[in-house]
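Enquirer: Heads up: the protein sequence lines correspond to chains A and B, in order.
Residues in the first sequence are numbered consecutively from 897, following our numbering.
Residues in the second sequence are numbered consecutively from -9, following our numbering.
In short, the hints are calculated from the structure, not lab data.
Computed from a prediction, not measured in an experiment: that's the story for all the values here.
Don't take each hint at face value.
To be verified - Computed cross-link-like contacts, PhoX-like style, restricted to lysine-lysine with a CA-CA straight-line distance of at most 20 angstroms:
1. B:K140 / A:K1049
2. A:K1034 / B:K102
3. B:K158 / B:K179
4. B:K105 / A:K1032
5. B:K179 / A:K1034
6. A:K1034 / A:K898
7. B:K166 / B:K42
8. A:K1132 / A:K1098
9. A:K926 / A:K1132
10. B:K140 / A:K1034
11. A:K1032 / A:K898
12. B:K179 / B:K166
13. B:K62 / B:K105
14. A:K992 / A:K1049
15. A:K914 / A:K898
What the hints assert, rightly or not - Non-contacting residues of chain A with respect to chain B, defined by C-beta distances greater than 10 angstroms in every case (computed):
16. R955
17. G1025
18. A1029
19. T1078
20. R1084
21. L1090
22. N1100
23. V1101
24. N1116
25. N1119
By construction, the Cβ of each residue, glycine as well, lies at the ideal position given by its N, Cα and C atoms.
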Amino acid sequence: MKHEVIGYSSVRGALHEKSGLPNQDSYLVKQFQFGTLLVVSDGMGSHLHSDFGSHSVCRSVSRAVQLWQEYHCDDIRLLIPLLHSLWGMDVFPYPKNECGATCLFAFLSNENVLYLGQLGDGSIFYSIGDELALLKNKGDEFANLTTGMDSIKSFGDWSLAAFCAGNKPVKLCLMTDGVAETLVESRRDEFVKLLWKRLAEKNNVCERNNMIYRLLKDWNPVNAGDDRTLVGYERK
Amino acid sequence: MENKNEFDGFVMPQPRMLPVILMLDVSGSMSYDAKMDELNSSVREMLESFQKEQIVQADICVSIVTFGSEVKVHTELMPARDIHYTDMIASGMTYMGRAFDVAYDMIEDRTKIPKNAYRPVVVLVSDGAPNDDHWEDKLTKFTTTGRSSKCDRWSLAIGADADTAMLKRFLDHPEKEVCYVEDAADIHKFFRFISSCTIQRSQSKNPNQVAQDLFTADILNINFDSLR
């Protein structure tokens, strides 16, 4: 029998607090009968309805995964057009370009296949067995004018992966750029490993969520302007 | 067991860098009509405006590359608050092509501009035309390859002798226009515009975002209060 350790939280950035704007990040953690889904989304600050857009991303990924699963489909690429269509309908009647948001998701099926997808910035760390990896390396994209659900130019904008995990332990950490881009680069792996370790020590999801909330709330103030969202997961 | 502050060292202690690179013409012609004096006072005013701003989301860092017969880094890339500005002196030819190479190398250097820096602002100011060899190739390299191709690029033409077609090629967006000033006394307006845009970016939630409505704005007649 599988044992899942999940913790998640999100806090509003200092700049949004100061200007009375909502938290534009969203997240979703959902345990289906056929697997577990994690989603985080960062609404683009310059878009009028970006908070709604990021909520819609979470809803749309959830619906898309359910439909995709109904067709017993295991090609993750077929999920993406479905997701974009659902998101477009979900944000309607708002124009898509007022609802821009990133999309990071992880789905671990009961068949022990791990599916990962990322559009835009933020980070997905994953570990199958022992090795820690990052789905999308930012490379030299300091000029990263984030690609969002509204501004995708080609299928290549998505980073996608599928892994057969078998019975190996699976660990995941999804974070928006308010977390990912403010971590000391050379210590990111260490941060993620320590997070997993501490989450595993907690007794229940409330304790884990509180721990993540405190972590995000106590972020170094010089880098706390942006909204911050983090989801940690382990399947033992 | 969890220690209260064990996560403290994982977050960067400094805000992310927002680089501003000024590529300034210091050829002999800049010594006429008080152009050099105006340029010096405009740059000084820009630096003071950056120094006054409270750092919120980004740390504005400035470098100045000058080009006359000699191309040099007049000011190394550093936080605006740490710069002690010394006036530039005009003399010689307009070796702008070499300046493109110097700025290109600076932007490519990940030890100077880290990966997590915000999109740099690059400003090119000239009252003439490049007259070194292969400048066109160097301009093309700067605008189409590497990290410099992704920068937020602006240009200012001073007087009728400025090569506005070349300055237009320098821009990063087809809707942007070269800012043209006939009178040296208006140079400071352009620099106030760049300062305001940069400060606005440094205080926004997404400092990578450049407001597109500014591309075609009447830069010399902007009420800067409305940008804040």
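Enquirer: For every hint, state whether the structure bears it out.
Expert: A quick look at each hint next to the structure:
Of the supplied pair hints, the one linking K140 of chain B and K1049 of chain A holds, its CA atoms being roughly 17 angstroms apart against a limit of 20 angstroms. A threshold of 20 angstroms between alpha carbons decides the hint, and for K1034 of chain A with K102 of chain B the separation of about 18 angstroms falls inside it, so the pair holds. For a cut-off of 20 angstroms, the pair hint linking K158 of chain B to K179 of chain B stands: about 19 angstroms separates their Cα positions. The hinted pair formed by K105 of chain B and K1032 of chain A meets the criterion: a straight-line CA distance of about 14 angstroms does not exceed 20 angstroms.
Among the hinted pairs, K179 of chain B with K1034 of chain A is inconsistent with the structure: their alpha-carbon atoms are about 37 angstroms apart, more than 20 angstroms. For a cut-off of 20 angstroms, the pair hint linking K1034 of chain A to K898 of chain A is broken: about 33 angstroms separates their Cα positions. Of the supplied pair hints, the one linking K166 of chain B and K42 of chain B is violated, its CA atoms being roughly 28 angstroms apart against a limit of 20 angstroms. A hinted pair counts as satisfied when its Cα atoms are at most 20 angstroms apart, and K1132 of chain A with K1098 of chain A qualifies at roughly 14 angstroms.
Taken as a hint, the K926 of chain A and K1132 of chain A pair is honoured in the structure, with Cα atoms around 18 angstroms apart against an allowance of 20 angstroms. A hinted pair counts as satisfied when its Cα atoms are at most 20 angstroms apart, and K140 of chain B with K1034 of chain A qualifies at roughly 15 angstroms. With a CA separation close to 28 angstroms, the supplied pair K1032 of chain A and K898 of chain A exceeds the 20 angstroms bound. Under the criterion of a C-alpha separation no larger than 20 angstroms, the hint pairing K179 of chain B with K166 of chain B is consistent with the structure, at around 17 angstroms.
Under the criterion of a C-alpha separation no larger than 20 angstroms, the hint pairing K62 of chain B with K105 of chain B is inconsistent with the structure, at around 25 angstroms. Annotation: proposed proximity of K992 of chain A to K1049 of chain A holds, straight-line Cα distance about 14 angstroms (limit 20 angstroms). The hinted pair formed by K914 of chain A and K898 of chain A fails the criterion: a straight-line CA distance of about 43 angstroms is larger than 20 angstroms. Remark: the non-interface label on R955 of chain A is consistent with the geometry, its nearest Cβ contact in chain B lying 23 angstroms away (cut-off 10 angstroms).
Every Cβ of chain B is farther than 10 angstroms from the Cβ of G1025 of chain A; the closest lies at roughly 24 angstroms, confirming the non-interface assignment. Annotated as non-interface, A1029 of chain A keeps its C-beta farther than 10 angstroms from every C-beta of chain B; the closest such distance is 18 angstroms. At roughly 6 angstroms from the closest C-beta of chain B, the C-beta of T1078 of chain A falls inside 10 angstroms, breaking its exclusion from the interface. At roughly 8 angstroms, the least C-beta separation between R1084 of chain A and chain B is not larger than 10 angstroms, which violates its mark as non-interface.
Residue placement check: L1090 of chain A does not keep its beta carbon more than 10 angstroms from all beta carbons of chain B (closest about 7 angstroms). No Cβ of chain B comes within 10 angstroms of the Cβ of N1100 of chain A; the nearest lies about 15 angstroms off, and the non-interface call holds. For V1101 of chain A, the shortest C-beta to C-beta distance to chain B comes to about 16 angstroms, beyond the 10 angstroms cut-off, and the non-interface label holds. Once the 10 angstroms rule is applied to beta carbons, N1116 of chain A is inconsistent with being away from chain B; the minimum gap is 4 angstroms.
With 10 angstroms as the threshold on Cβ separation, the claim that N1119 of chain A sits away from chain B is violated: the shortest Cβ distance comes to roughly 6 angstroms.
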